[in-house]
Every structure is written in C-alpha cells, then in structure tokens.
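Residue numbers (the numbering used here), protein chains in the order written: chain A, 1 to 250; chain B, 1 to 410.
Hints should not be assumed to be uniformly reliable.
What the hints assert, rightly or not - Here are a few chain B residues that sit away from chain A, every Cβ distance over 10 Å (derived from the structure):
#1 L66
#2 S68
#3 L80
#4 P119
#5 P127
#6 A232
#7 I274
#8 V284
#9 M289
#10 L304
What the hints assert, rightly or not - Here are the simulated lysine to any residue pairs, SDA-like style, with alpha carbons at most 25 Å apart:
#11 B/K397 x A/S96
#12 B/K252 x B/K397
#13 B/K397 x A/R79
#14 B/K130 x B/Y98
Said to hold, decoys possible - Facing chain B, a subset of chain A residues (Cβ under 7 Å, in silico):
#15 N72
#16 L77
#17 R79
#18 V99
#19 A101
#20 T130
FYI, nobody ran anything at the bench for these hints, they're computed from the structure. Bear in mind that the values here come from a model prediction, so they are computed numbers and not experimental data. By construction, the Cβ of each residue, glycine as well, lies at the ideal position given by its N, Cα and C atoms.
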Amino acid sequence: MRGEALYLPLSPYASLLTDANMPLITLSNVYKTYRHGSLEVTALTDFSLEIAEGEFIVLAGPSGSGKTTVLNLVGGLDRPSAGAVTVGALEIASASAAVLADYRLRRVGFIFQSYNLIPVLTAAENAEFTLMLQGVPRPERRRRVTELFIELGIEGLEERRPGDLSGGQQQRVAIARALAAAPGVVLADEPTANLDSHTAEELLDLMRDLNRRRGVTFLFSSHDDRVIGRARRVVRLEDGRMVGDSTTNR
Amino acid sequence: MNAFLYAWRSLWRNRRRTLITLTAIALSIMLVQAFHNLAVGAYARMIDDGVRAGSGHLAVYRHGYLESREENLGFSPANLAAQIRAIPGVTKVLPRVYLPALAQSSHDSRGILLIGVEPEAELTVNPFLKGLSADAMLRDIDGRDAVIGKRLLDDLKLAVGRKLVVTAQHRDGTLHSELLRVRGVVSTGMPDIDGSLLMVGRQRAALLTGMQDDIHELAIILNDSDEEAFVAAAITPLLHDRPELAAVSWEKAMPNLANAIKLDYASQKFIFVIILLIVTIGVVNTLLMSVMERLREFGVVLALGSSPGRLRRLVLIEALLLGMVAAVAGCVLGALATWYLVDIGIDLKRFIPETLEFGGVVFDPVLRAAWDLAWMAKIALYVVGLTLLAALYPAIKAGRITPVEAMRHH
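Okay, chain A solo, but in the shape it has when bound (with noise of 0.2 Å):
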C-alpha cells in the first residue's frame, strides 16, 4: 500500500519514480535568491536534503528561514538558482513548465496556510478540483470526495461554500483537495497558523494518520512546535541554511 499512489501509471514519467533504493526527494547543494528591484535576497544556500518515502517531515525554523523556499521547490512551482531538486525521476531545474504543471496536478498535493479554497465552488468542487483538471468524470470524482470527506470528518458539508465554513472545516477541506488526486507527496505550508490549538492538534493527528495509512509522503513548513512535536524528522533552518537535522522514533 505504502507509495502505491505514486506509482500510478499517471505520466509519461511514471515509470521512472519505481527505484526503491532511491531516495524519493533529493535537493543538492540548493541555492535560490530572488531579486526585488536592484535588491539579491538569498533565500536558500548550499541547501542539501534527502527524503525517503512515507516520511512525515517537518521543515522548522523562523520566518523568513527559507522552509517555503523549500516547499516551492519541491512542488515545482519554482525552480533553484544553482543546484539539483529531483523527484523521483523528475528534475525540476531543467524540466519545462508543462512537465511541471503535470507534475504538481499528478504528483503533488499542497496545503496552504490560509486554505486558498475558490470562494465560488462549494467543499464538494475544491476537492474535486484537481480531478477536473485531470479529467476525471463527474461521478468518479464524487466517489473519491465523498470517501475523504468521511474519513476527514466534514461529510454534509459537501454543498456549502468556503465562507460558510470555519478555518478547521476549510483546511479539511483543503486536505481533502490535496489528496482528492492520490500524489505521493503532500506539501504543507504552515497548515495550522490559522487554527486555534485544538482544531490545529486534530488536523496533525488526521495528516499524521494519513501518512501512516496511506503511505503519503508529508513535508510540512512549521514554526508551531505541536507541529514540529509531531514529527518523527524535524529539519531546522535558519538564515537559508540546515543548522539541524533530528529523526525520533514517533
């Protein structure tokens, strides 16, 4: 079961992502700076990593540390300014924007840290979002939407609109989109920022548990500690750099 959403035969470069012994996500000697007018801002330097599949990961540290850095390249919606950030097969420096574009609809979930659901669909159609764009019919998508709604506990809310819906029901309902197409790794950007304590520990446990049945690889971006608490790896960044790496046994 672990991976198996991964390995569906989804893109020309499916088959590539099949070595087990191989890291699942590698970056090497990343560095990324961003240019604001006549201003260089070095967001990442000589950045290295390796995540396994399966793994529940956390990237922790301070605003402005570089961990969203991390997650745009990784979700290949940014490409680093020297080095390699490799996904399975895929290299995303050198891959083109439609590759890329493939790969975040097939391979990758996001979660954002103030939910980004489309105010003019209901739960129901942001979840089934990136179906559509897959091209999944109608009652298939239902199908799937409507098992994760169950298990994410939001099922009767399929119908309302994001606005009618309190930020631990929209972040569900964003986790639900995130895995509505089955990818092997879902990218979370500070997931709980905007939740109070509880709803933000019941989300941890739903994405922890998650991660252990379906065998999803989750990489978050966190300074929350009941985020870093709940992880079994906790990578530290600060100033752009690694300053720590720790595994426990959670």
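Starting from the known structure of chain A, fit chain B onto it as the hints suggest.
Just chain B now, kept in the frame of chain A:
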C-alpha cells in the same frame, strides 16, 4: 463542476460590476439593432416611394438611354410588358415616355419634363398621383388631359380647366406642339419636380416626337423588393431576342437615391462601430479587473496543476458567457424597441419640414422601422465575438501569472 460552471460563478463574484457591464453591452446591442431597423424601415419607405414615382424596382431601357437621356432612344414594348406582368412577384408594369419640352400659357413659358404614362396603371402606384381625385386624373392615353406640378401651374399662371401648349422636337427635327388642358394638380413637395412636371397620356406624348407606340422606360413594380433578383433573372431570357434592351435595378436607374442611402447608412455604421468600440473597452476593463482581483486564486489554480492555457481558456469562457448573456438580453431589448418603432415609429414633424427631400424622394417625417432579423442575429454574434476579442488581453495576462508571485498577492 466544469470550467463553464466555474467561469459562470466567477462572473457573478462582483454582481454589480457584471450587471453594469451586461447592461452596457445589452443596451448597445439594442441601440444598434433598433437604429439599424429604423434605417431599414425608412430606406424601404423611400425606396418604395422612389421606385413607384421613378424607375420601378427594375426598369427596361434601350442601351445608352440612362446615360444620355436622348429621346430618340426609345423602344417598342410590343408584348414585353405583358410577358413581364406574368412573372410572379410583379405588381405593375408601367410604360413611360420622357420628353424635355417647353410649356406655354398665355402668360408665360417654362422648360418642363413631359411624362407620358398609362393613367389607369399609374394611378394606383405612383405616389405623385396618390392624392388626386378621379376627376383630376388623366382619362386616357391619347387624350389632351394634363396633370401639372403645382409650382409650374403657378409659374404659368394657370388653373384647372385652363389650356396650355407644349412644344417638343419631333424625330424629323421640326418642332411640334400639342394643346393640352389642365385636369389635375400635384404637389410632391420637391420644388424641382413641382416646377417641371407635366404628365399626359403616353400616346399623346409620343405624338409630339413621332415615337408612335415607342416608350423610353418600362418600369416594373414588385410586391416585395426582396424579389428583385428573382424577377431580374426571369426577365433576362425575355430580352434574348431584344439585344438593344437591358433590365436595370433601381439602384442604377436612380443613383441619387441609392447613393444618398449608402452615404446615410455609412455614417450610421460609423456610429455603430464607435458604440461597439466603447463597449469593447468596457469589457476589457471588467475582465482585466476581474483577473487582477483574482491573482492569488489564479496562482493557487496554477499551483494545483492547471496549465496557463487552461487559465486563459477560463477567462475566455467568462467573456463568452458574458457576451452570450448580453447578446440575448440585447436582442430582447432590441426586439422590444423595434416592435415599438414598427408600430408607433418616431414622428419628426416638429423637427423637419414635411417636404424634406432625400435623394430625390420626399422624406416621410414619421420614421417606422422594419424587421431585419438576420442582421439582428448577426450583430449579436459580432458582439459575442468582440467580447471574446476584448478578453484576449486579460486572458494573456492571466496566462503569464507565475504561481509563487501570484500567491504572495493579497
């Protein structure tokens, strides 16, 4: 949920802005359709009056007559008139003789245009003769009755029942005169015609020049101007053994009227283009604002795996839906406006004289529209196309968004 549903709901995020844009597009369609239909109605009326008093929807002439108006370029209608009359769609066939002549009374003389007609056929068709009572109309085609323009009557200091002499050049080169008696007076509203028109029986006019039964024009009046091409095609074989003759349309026979209509409609088209251009700019503004307000959402959609092409399509679908709804609303409003203009019309009597001339025809101050459904549909489709065109820039803009930058946008 599909792209159309997403686009439709997105369209109504800012309900007020979308409604304002829809109203602007719909009103512009209504204006353009109603004014086009009004112009079509007014032109149809002018053409109808013009062809009845003038050359007919179609006319048969001898080659060269239209250009030179030489009175010796006549032809014998023989059985041609009867053959044409038998073509479906033909209402009347009117043989006419036109002669430049001199009219003299005991007081004065004037250069005139003598028109020889068949009174019975003309009476029901010719708008110049519309107001004439039976005792003011020409009685036969070879009698000495004359119907005279009001201004010419005054210039010659004549009255109904009084005599005048008309002199024209005979084919043999000599001058011939005929004595006529005023039986009716017409007032067309056009000073040139009222000052030079003298209508007599066709054979009486022919006597002056020795044309016998020859005529200059065989004017053909149709039930419906749309049948012009069909009737013209039916006439062509009838003229095979008369190669000296040609059938021409009213546009060629009455170029003044045709050109006046063309010029007037060209200026209307220019206004239509400006109206649609303004609307297009409004649509660009609406869609661009809609795109700029949703940068963050578009960034998320791209992050979730949508291609830039899909985003472009989404904006284009929104424009398509906007255009289609506006087109339907505009057509309903345009139909209601046209309905009113067909039924009631616009009375311009307060603003223009009742005898205003337009392209050689008296302009009816009460404008009434005519339905042009095909054109109404065409303009609605144009507007949908323009809306799509207006969406190109916002769509390209949406396609250029990069997800990381867009998601930083608040």
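Here is what the structure says about each hint:
no., hint, in the structure
1, L66, "holds (67 Å)"
2, S68, "holds (73 Å)"
3, L80, "holds (70 Å)"
4, P119, "holds (75 Å)"
5, P127, "holds (62 Å)"
6, A232, "holds (56 Å)"
7, I274, "holds (35 Å)"
8, V284, "holds (22 Å)"
9, M289, "holds (16 Å)"
10, L304, "violated (5 Å)"
11, B/K397 x A/S96, "holds (20 Å)"
12, B/K252 x B/K397, "violated (52 Å)"
13, B/K397 x A/R79, "holds (22 Å)"
14, B/K130 x B/Y98, "holds (20 Å)"
15, N72, "holds (6 Å)"
16, L77, "holds (5 Å)"
17, R79, "violated (10 Å)"
18, V99, "violated (11 Å)"
19, A101, "holds (5 Å)"
20, T130, "holds (5 Å)"
In terms of the numbered hints stated before, the structure departs from hints 10, 12, 17, 18, listed from lowest to highest.
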